[in-house]
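Let the sequences and hints guide you as you build the complete structure.
Chains V and P supply the protein sequences, listed in that same order.
Taking our numbering, the leading residue of the first sequence gets 1, the next gets one more, and so forth.
Taking our numbering, the leading residue of the second sequence gets 1, the next gets one more, and so forth.
I should point out that these hints are in silico values taken from the structure, not numbers from a laboratory.
Everything numeric in this text was worked out from a predicted model, so none of it was measured.
Where a beta carbon is used, it is the ideal one built from N, C-alpha and C, also for glycine.
Mixed in with the good hints there might be a few duds.
[Said to hold, decoys possible] Residues of chain V placed beyond 10 angstroms of chain P at every Cβ, according to the derived structure:
| # | residue |
| --- | --- |
| 1 | Arg-83 |
| 2 | Leu-92 |
| 3 | Asp-104 |
| 4 | Asp-123 |
| 5 | Phe-225 |
| 6 | Leu-244 |
| 7 | Ala-294 |
[Unchecked claim] With the C-beta cut set under 8 angstroms, the calculated list includes, among others, these residues of chain V facing chain P:
| # | residue |
| --- | --- |
| 8 | His-59 |
| 9 | Ser-79 |
| 10 | Gly-80 |
| 11 | Ala-91 |
| 12 | Pro-200 |
| 13 | Tyr-202 |
Residue strings, one per chain:
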Amino acid sequence: MTDLLAIGTRKGLWLARSEDDRRTWTLGGPHLLAQEVAAVSIDTRGPTPRVLAGIQYGHWGPTVMWSDDLGASWQETESGAIRFPEDTGAALARVWQLRPDSADRPGVVWAGCEPHSLWRSTDGGRSFDLVRPLWDHPHRPTWQPGGGGGAVHTVLPDPASDRVTVAMSTGGVYVSEDGGDGWEPRNSGISAVFLPEPAPEYGQCVHKVAVDAAGVDRLYAQNHFGVFRTDDAGRSWTSIAGGLPADFGFPVVASPSTPGTAWVVPLVADVQRVPPEGRLQVHRTRDAGETWTALTTGLPDACWAAVVRDAACADEADPTGLYLGTRDGCVYASADEGDTFALVADHLPDVLVVRAARI
Amino acid sequence: MSVEVVLPGVLADLAGGTKHLQVEPAGGTLADLLDTLAAVHPALARRIRDEAGAVRRFVNVYVDGDDVRYAGGLGTPVPDGAVVQVLPSVAGG
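Dropping the structure here:
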């Protein structure tokens with residue numbers, strides 16, 4: 001039994017392995033040295049695990065690479081896995097999300113990219129097709145770039161239906177009920193404090209959305225100010241930020257196995273993107289956001305580094321493991337749902353993404 | 001017509017392990033040269049231009065020592081015997 005933790009940073013990818021049920025970790029790498037890795041996934045559906053990485057190759061542009069031997073070798077599609085059709089006049093700027101679909105859809109991998117676009121692969125990530133109806137959505141020209149660029153950064157395919165939920169900065173949450181042919185914004189109740197109208201139909205800067213273990217109708221959203229929950233697949237959202245030290249932040253992670261359990265990593269505010277009181281702290285809810293508990297055991301006493309959008313994740317082991325990477329290059333792992341953390345790595349480049357899987 | 005393309009070391013692997021390529025472009029402009037390069041070494045060509053055809057922002061291309069951004073861009077003439085150098089710009093952190 002091996003647990004694998006993929007750590008994408010501004011300047012390369014590191015892979016940590018644990019052979020003792022996540023008690024200790026051995027760090028390997030760097031892989032893809034000097035390349036920015038803003039998206040990574042571990043696809044465990046095939047006979048061997050595939051690590052997919054969305055890279056920004058220094059001066060030389062973005063692409064998707066993959067390894068079927070845990071980083072020993074890397075491959076890419078010669079002509080580029082993600083290429084905008086010529087008629088769009090657009091060019092890929094960055095891959096922000098790589099999301100394998102369910103085991104019942106082998107080979108299907110979704111990608112969220114900058115500029116705002118959603119892509120679907122049916123060959124395990126070798127090549128992707130632009131999800132044209134979202135690209136052609138009449139709202140798209142008004143979606144604005146956030147600090148990380150204008151991108152679809154969250155892709156949540158429902159394994160039990162044709163529903164696909166995406167989140168973007170900015171733009172907000174959009175949902176398709178038919179596998180990507182039609183899209184509608186679902187942001188009612190999510191604030192947009194940076195817009196003159198406080199509750200627009202769309203345009204919110206939703207930083208991350210996670211699906212509750214109870215099912216795909218219940219989602220959590222960490223917004224650009226505000227933490228929200230929906231119980232009706234995004235048709236209405238209510239604040240669950242009460243009890244948190246701050247409602248700003250980037251990641252939200254839901255337990256894959258325990259309904260009602262989720263984690264956020266608060267930051268003070270958009271103009272002060274640091275942990276409250278200089279103390280890195282994870283907050284966990286066990287009741288779908290009604291109450292929150294601060295978790296700090298094993299995290300540093302003094303830390304002014306943020307955890308960005310995809311730099312937190314859960315694994316699917318029992319009990320659930322939780323992982324954090326900071327912008328000062330530290331990675332923390334918990335094998336007990338956040339009760340205690342241990343340092344996996346430090347002094348790495350700033351961490352952009354972490355993903356964990358049992359392989 | 002033959003043109004020498006000089007690459008930085010970091011791109012050599014994508015050109016078969018060499019930093020010097022002799023290319024016979026289909027036409028007389030930089031765009032023609034890069035199109036020919038893309039047909040033979042597509043992964044290399046993607047490092048220089050994006051899929052919309054633009055030279056990447058932090059990549060500089062010189063034809064016989066002249067920066068094409070201040071010449072004719074992709075329409076810059078590339079004569080027989082020219083040396084086309086690809087260099088990363090000063091950027092990053």
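Far enough from chain P: is every CB of that chain over 10 angstroms from the CB of V:Leu-244? holds, 33 angstroms
Can you verify the interface hint for V:Gly-80: is its Cβ closer than 8 angstroms to any Cβ in chain P? holds, 5 angstroms
With 8 angstroms as the cut and Cβ atoms as the points, is V:Ser-79 at the interface with chain P? holds, 5 angstroms
Just double-check V:Leu-92 for me: nearest Cβ-Cβ distance to chain P has to come out over 10 angstroms. violated, 7 angstroms
Grab the minimum C-beta distance from V:Tyr-202 to chain P and call the hint holds if it beats 8 angstroms, violated otherwise. Cβ of V:Tyr-202 sits 27 angstroms from chain P, so the hint is violated.
Beyond 10 angstroms from chain P, beta-carbon-wise, is V:Asp-123? holds, 17 angstroms
Can we keep the V:His-59 interface hint, with Cβ of chain P closer than 8 angstroms? holds, 4 angstroms
Please check whether the beta-carbon of V:Asp-104 is more than 10 angstroms away from every beta-carbon in chain P. Consistent with the label, V:Asp-104 stays out of reach of chain P, its closest Cβ about 32 angstroms off (over 10 angstroms).
Holds or violated: is the Cβ of V:Phe-225 farther than 10 angstroms from all Cβ atoms of chain P? holds, 29 angstroms
Report holds if the minimum CB distance from V:Ala-294 to chain P is greater than 10 angstroms, and violated otherwise. holds, 34 angstroms
Would the non-interface assignment of V:Arg-83 survive a Cβ cutoff of 10 angstroms against chain P? It is violated; V:Arg-83 is separated from chain P by about 4 angstroms at its closest Cβ, not greater than 10 angstroms.
Restraint check, 8 angstroms cut-off on beta carbons, for V:Pro-200 near chain P: Since chain P brings no Cβ nearer than about 31 angstroms to V:Pro-200, farther than 8 angstroms, the hint is violated.
The earlier numbered hints that this structure contradicts are 1, 2, 12, 13.
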